[in-house]
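Protein sequences appear in the order of chains A, B and C. Residue numbering for the first sequence follows the numbering used here, starting at 1 and increasing by one per position. Residue numbering for the second sequence follows the numbering used here, starting at 1001 and increasing by one per position. Residue numbering for the third sequence follows the numbering used here, starting at 2001 and increasing by one per position.
Please note that a few of the clues may not be correct.
Here are the computed lysine-lysine pairs in the BS3-like style, where the Cα-Cα straight-line distance is at most 25 angstroms [as the list claims (entries may be wrong)]: (1) B:K1248 <-> C:K2295; (2) A:K229 <-> A:K295; (3) B:K1183 <-> A:K220; (4) C:K2073 <-> A:K220; (5) C:K2299 <-> C:K2595; (6) C:K2595 <-> A:K295; (7) C:K2176 <-> C:K2137; (8) C:K2341 <-> B:K1196; (9) A:K223 <-> A:K295; (10) A:K325 <-> B:K1244; (11) B:K1248 <-> A:K328; (12) C:K2292 <-> B:K1243; (13) C:K2073 <-> B:K1049; (14) B:K1202 <-> B:K1049; (15) B:K1196 <-> B:K1002; (16) A:K223 <-> B:K1183; (17) C:K2072 <-> A:K220; (18) B:K1193 <-> C:K2072; (19) A:K83 <-> A:K15; (20) A:K229 <-> A:K328; (21) C:K2136 <-> C:K2176; (22) C:K2062 <-> A:K223.
Here are some chain C residues pointing at chain B (derived, C-beta under 10 angstroms) [as the list claims (entries may be wrong)]: (23) D2034; (24) Q2036; (25) T2043; (26) D2046; (27) F2047; (28) E2051; (29) L2079; (30) A2091; (31) L2101; (32) G2298.
Think of the hints as simulated: they come from the structure by calculation, not from any bench. Since we're looking at a predicted model, the values are computed, not measured. By construction, the Cβ of each residue, glycine as well, lies at the ideal position given by its N, Cα and C atoms.
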Amino acid sequence: MADTILVVVEQREGKLNRVSWETLTAGQAIAAQTGWPLEAAVVGSNIGSIAGEVAGKKVGKVYAVESAKLDPYTPDGFAHALKQFLSARKPRLVLMPHTYQVRDFAPKLATALGRVLISDCVGYKHEGGRLLFTRQMFQGKFAADVSFSGEPTWFVTFQNGAFRGDKVEAGAAAAPIETVQADVPDGVVRNKPHETFKEAKQAVDLTQAEIIVAVGRGIKEQKNIELAKQLAEALGGEIAASRPICDAGWLPMDRQIGSSGQTVAPKLYLALGISGAIQHIVGMKGSRTIVAINKDAEAPIFEIADYAAVGNLFEIVPPLIEEVKKAKGA
Amino acid sequence: MKILVCMKQVPQKDAPLKLNESGTWIREDVSYEVNEPDAYALEEALRQKEKHGGEVVVITAGPARSQQVLREALAKGADRAIHLEDPAFVGLDAINTARAFAAAIKDEKFDLIFTGLQSDDYGYAQTGVILAELLGWPHATIIMQIEKADGGIRVKRELEAGYFQFVDMPLPAVLTIQSGINKLRYATLIGIKQAKNKPLRKVALAEVQDALSPNLLKLERLYVPQKTKNTEVLQGSAGEIAKKLTEKLRNEVRVL
Amino acid sequence: MATTTAAPKAKIPGGSFLLQERPTSEVFTPEDFDEQHRLIAQTADDFATNEVLPVADRLEHKDWALTRELLKKTADLGLTSVDIPEEYGGAEMDKVSSCILADHMAKYAGFAVSWGGHTGIGTLPIVFFGTEAQKKKYLPRLANGEMIGAYALSEASAGSDALNCRARAQLSPDGKHYVLNGEKMWITNAGFADLFTVFAKVDGEKFTAFLVERTFPGFAIGAEEHKMGIRGSSTCPLILNDCHVPVENLLGEIGKGHVIAFNILNIGRYKLGAMCVGGARTSLDNAISYAKQRKAFGKSIAEFGLIQEKLADMATEIFVGESIVYRTVGMMDVALGEVDKAGANALGEVRKAIEEYAVECSVLKVWGSEMLDHVVDEMVQIYGGYGFVEEYPAERAYRDARVNRIFEGTNEINRLIITGWLLKRAMTGQLPLLPAIKKLMDEVLAGPSLGDGLEGPLAAERTLVANAKKLALFAAGAASQKYMQALVDQQEIMGALADMIMEVYAMESAVLRAQKMLERNGEAASGLAVAMAQVYLAHGMEKIEAAGRKVIAAIAEGDMLRTQMAILRRLGKHEPVNTVALRRQIANRVIESGKYVTA
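Could you put the whole structure together from the sequences, leaning on the hints where they help?
Below is the structure:
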């Protein structure tokens, strides 16, 4: 299996995580450029249907790495099973989505194999026969191209939204599926996870909102949230925030956008005083139109904004509310 | 409980960063601060100690300037510190950093090791998990709560999209701590005075060199990211910007 | 790199800056802060930024419950204890630490004044003059924020001449109480404080201090003043109507209240200087971020020369302010380090060590408050129309700054102190000022052998400072010759001489700091500091020359006037530096950093 690219798709509680299609898209693109064969793997218990779903895409083969010990997910179980599987197959490149689950086990897996992982990449480059992986650094202020200087297997994870999941190519015919029984002896899995749950009330489903006005540290004080709320109201949208605002208790946690909050893609995302740390950007960069108002012209949020206003939000928002009200009234 | 907290010094959040001449790293003449998630990790360790007793030890790897994060941690209540002091530590990849930490604490017996969930400079989010693997310990990531339980601990992991999960695990263990798990304290004047007399062990690169191997990944170049979007900058006074933006929202975005 | 730059050790006589050049090793600068100092700065910075600034509006509306809550929080962090010995529940540290706190707590003046009033004039009278019993009773509670302190010296008709107070104290017939009557005015923290150091005259003549608790019978607080600025602080009159104060609450000695009053004000002055620097730094940082984002003619106004000039001047003045504040407290710490803390008269020695630097403390107060006023004035100008409205920080900063020239001894009183104190020391021979003046007179009359340049780093700048000292000495010498002892009655001359002395101290401190940075970090890393020192020198020299002309023109005429003016010109001769280019360099650096920086 040398020189193969293996995409490990993610399943959680028996369901395929859609972000896996993004990783598969990346795998297909790299395969097309390098000529390396592309295969995929699903890890877990009772994952036949997921393997079938993946086999419908343009991929050489799908492995279902099965064991009853892999349900529920634990980093010990997944790393153990994948170590076994990869030691036998030795792919050149392993691609995974940079999800919370992958972050939990992938560094352990790579270390167990004496290899390394380039995590949280947003793209790749194929230059002179070499693969470079692009990742953000210093909170998105810089990008870096990183290469592997050691022997394969090479591990890479891609950031949510780095590739288009809807562009994943379907296969001409269903790919063959091979079920591999993982041997996970007793004692390997040390953690005992409980059921997953949501905190008491998740009143708001921001994913359904068409318009979102989101505030960040630049709002400065809790009382200024009111101003953003007025704008949201005038626009007929929902109020949301970056993590620090919710951490401070200025808005409830269910209003948080970003890697640890909700991922949204509204028609309009209006960011007030949000600098645009990666953790926030991954939760909203799919928005159709992004408007950013920030006094710092260097704020990374402007990198992804469609409309940018560099200035004091406390000066701009009040007349904006008036203008919006006027426009709506007209 | 004896807890080790791994901490890192990173450029200040609002510091204007510039690339060095060779485009391989930033220019180092900026202000530094404690990596924010690490500050939460320290705070959580101090709270655990206040609840259950024990000791909090802090460790960092970096040049002389990074001693500042240790002094700050000592002033906030950590009992002692370990400084792997060498500029070369800045350039280590996650696995070598973890190896260096593991080598530096080989004679110690900790119940828990905390790290922040990721650093604000590299942002690999790997060191803690790798350290657990090197030590042969269980781990859990992105932790929002830690309680003592029979024979170990019960932790609350943060999952995506607002989900959480409790996990029971034995000790010793490594936990990566999420920002916002608690409210950070300030260093008190008494704490600052006492910090001066707390032990700080320095570990030279040579002492852990044997545990390290060449980096298996290479940062080829660092650069200002290219814009992928065509951003239209709205100019003018606040009132003019408000007017222009409203027009755009009406005629182009069509949400009004 | 040179390593001759440890924190200073040698004790330096107060006022001697006028006579001698100091090696940089004897001068403490902010670059000498150790880890503890930096941590204290960080705690104060974080506290002011995270806990105080967000609630500034509520404090402006006199929410004293909130002020008390914040003061309690500062106490929990030990920020009220830096000058209180550990045996009384404090966390006593050096005076540099004390100044760092004052400097970094000063982000919002309203609260800084409440905090400073409590920890400074509200607490220190007991630290320095309290009996063992008084210290044990009050200091732990002042340290932990349970009690808040205040200081009641001024009266409606006794401000600068506080000794002329009308408040009276009479021993009760049973000898257990003093009965106080009278009114005190402009008492900071009065609205919520628990313990007041009140000055009154025993038997109508012996000026004496008392520790008066709010709950004592006959004690009342009047209505809040409606103030121009620092509205987030409480200022009320006290009304003493047969107020019964137990005899054990007499502070210090009967008839020795002036010792307490002057010492406490003296200490208050260096902390006030530090607070002015902190306030100015916050204002500059605000002005920089506004100038960067405010657009005019299609570009940010920070790109315009006339705005850059302002930003550069503001940064330069803060640099100089830091230089004089920390140089002064650094000298105090060395002097205090020599006090035998276990000795019988330890506290007296401590007071003397601080009093030694009375001139420097007054310079910090006057120079610092006038610097701050200039900085906030330019800040308003940079904000333009927005500088004139309440929604922006400039308006409040402008109003808040003004009181600093008034309280803790007006700047006029302090100018008289500066010149008067030096003259007194000269007369008593404590400071060899007169021989220095005589030597200078001989030298200048002997003809133009002057201007032998110094050598080494910043030689031209140091030569300029040396000549500035000669100008000040020359003017002082000429004035003393003319008026002799009666000079103290010539307030305008005294004031002009004080201006010259202040500028000498400011110029020299700036140059020494830049020089120390240069020695420590090399040229590349100290370019900004050197530029700021150069810009300030140009400005300071102009002020010194103008003041010198004023003095000479007032005391001489005819040939004498012409001769003395020639000497003045000769001493002041120097090649101008290109301050336009230097200011651009300074401005560009702080704009790029988005805040005040020194490198």
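How the hints compare with the structure:
{"no.": "1", "hint": "B:K1248 <-> C:K2295", "in the structure": "holds (21 angstroms)"}
{"no.": "2", "hint": "A:K229 <-> A:K295", "in the structure": "holds (20 angstroms)"}
{"no.": "3", "hint": "B:K1183 <-> A:K220", "in the structure": "holds (18 angstroms)"}
{"no.": "4", "hint": "C:K2073 <-> A:K220", "in the structure": "holds (21 angstroms)"}
{"no.": "5", "hint": "C:K2299 <-> C:K2595", "in the structure": "holds (19 angstroms)"}
{"no.": "6", "hint": "C:K2595 <-> A:K295", "in the structure": "holds (14 angstroms)"}
{"no.": "7", "hint": "C:K2176 <-> C:K2137", "in the structure": "holds (18 angstroms)"}
{"no.": "8", "hint": "C:K2341 <-> B:K1196", "in the structure": "holds (21 angstroms)"}
{"no.": "9", "hint": "A:K223 <-> A:K295", "in the structure": "holds (19 angstroms)"}
{"no.": "10", "hint": "A:K325 <-> B:K1244", "in the structure": "holds (14 angstroms)"}
{"no.": "11", "hint": "B:K1248 <-> A:K328", "in the structure": "holds (13 angstroms)"}
{"no.": "12", "hint": "C:K2292 <-> B:K1243", "in the structure": "holds (22 angstroms)"}
{"no.": "13", "hint": "C:K2073 <-> B:K1049", "in the structure": "holds (23 angstroms)"}
{"no.": "14", "hint": "B:K1202 <-> B:K1049", "in the structure": "holds (24 angstroms)"}
{"no.": "15", "hint": "B:K1196 <-> B:K1002", "in the structure": "holds (21 angstroms)"}
{"no.": "16", "hint": "A:K223 <-> B:K1183", "in the structure": "holds (20 angstroms)"}
{"no.": "17", "hint": "C:K2072 <-> A:K220", "in the structure": "holds (24 angstroms)"}
{"no.": "18", "hint": "B:K1193 <-> C:K2072", "in the structure": "holds (20 angstroms)"}
{"no.": "19", "hint": "A:K83 <-> A:K15", "in the structure": "holds (23 angstroms)"}
{"no.": "20", "hint": "A:K229 <-> A:K328", "in the structure": "holds (17 angstroms)"}
{"no.": "21", "hint": "C:K2136 <-> C:K2176", "in the structure": "holds (20 angstroms)"}
{"no.": "22", "hint": "C:K2062 <-> A:K223", "in the structure": "holds (18 angstroms)"}
{"no.": "23", "hint": "D2034", "in the structure": "holds (9 angstroms)"}
{"no.": "24", "hint": "Q2036", "in the structure": "holds (5 angstroms)"}
{"no.": "25", "hint": "T2043", "in the structure": "holds (5 angstroms)"}
{"no.": "26", "hint": "D2046", "in the structure": "holds (6 angstroms)"}
{"no.": "27", "hint": "F2047", "in the structure": "holds (6 angstroms)"}
{"no.": "28", "hint": "E2051", "in the structure": "holds (9 angstroms)"}
{"no.": "29", "hint": "L2079", "in the structure": "holds (6 angstroms)"}
{"no.": "30", "hint": "A2091", "in the structure": "holds (4 angstroms)"}
{"no.": "31", "hint": "L2101", "in the structure": "holds (8 angstroms)"}
{"no.": "32", "hint": "G2298", "in the structure": "holds (7 angstroms)"}
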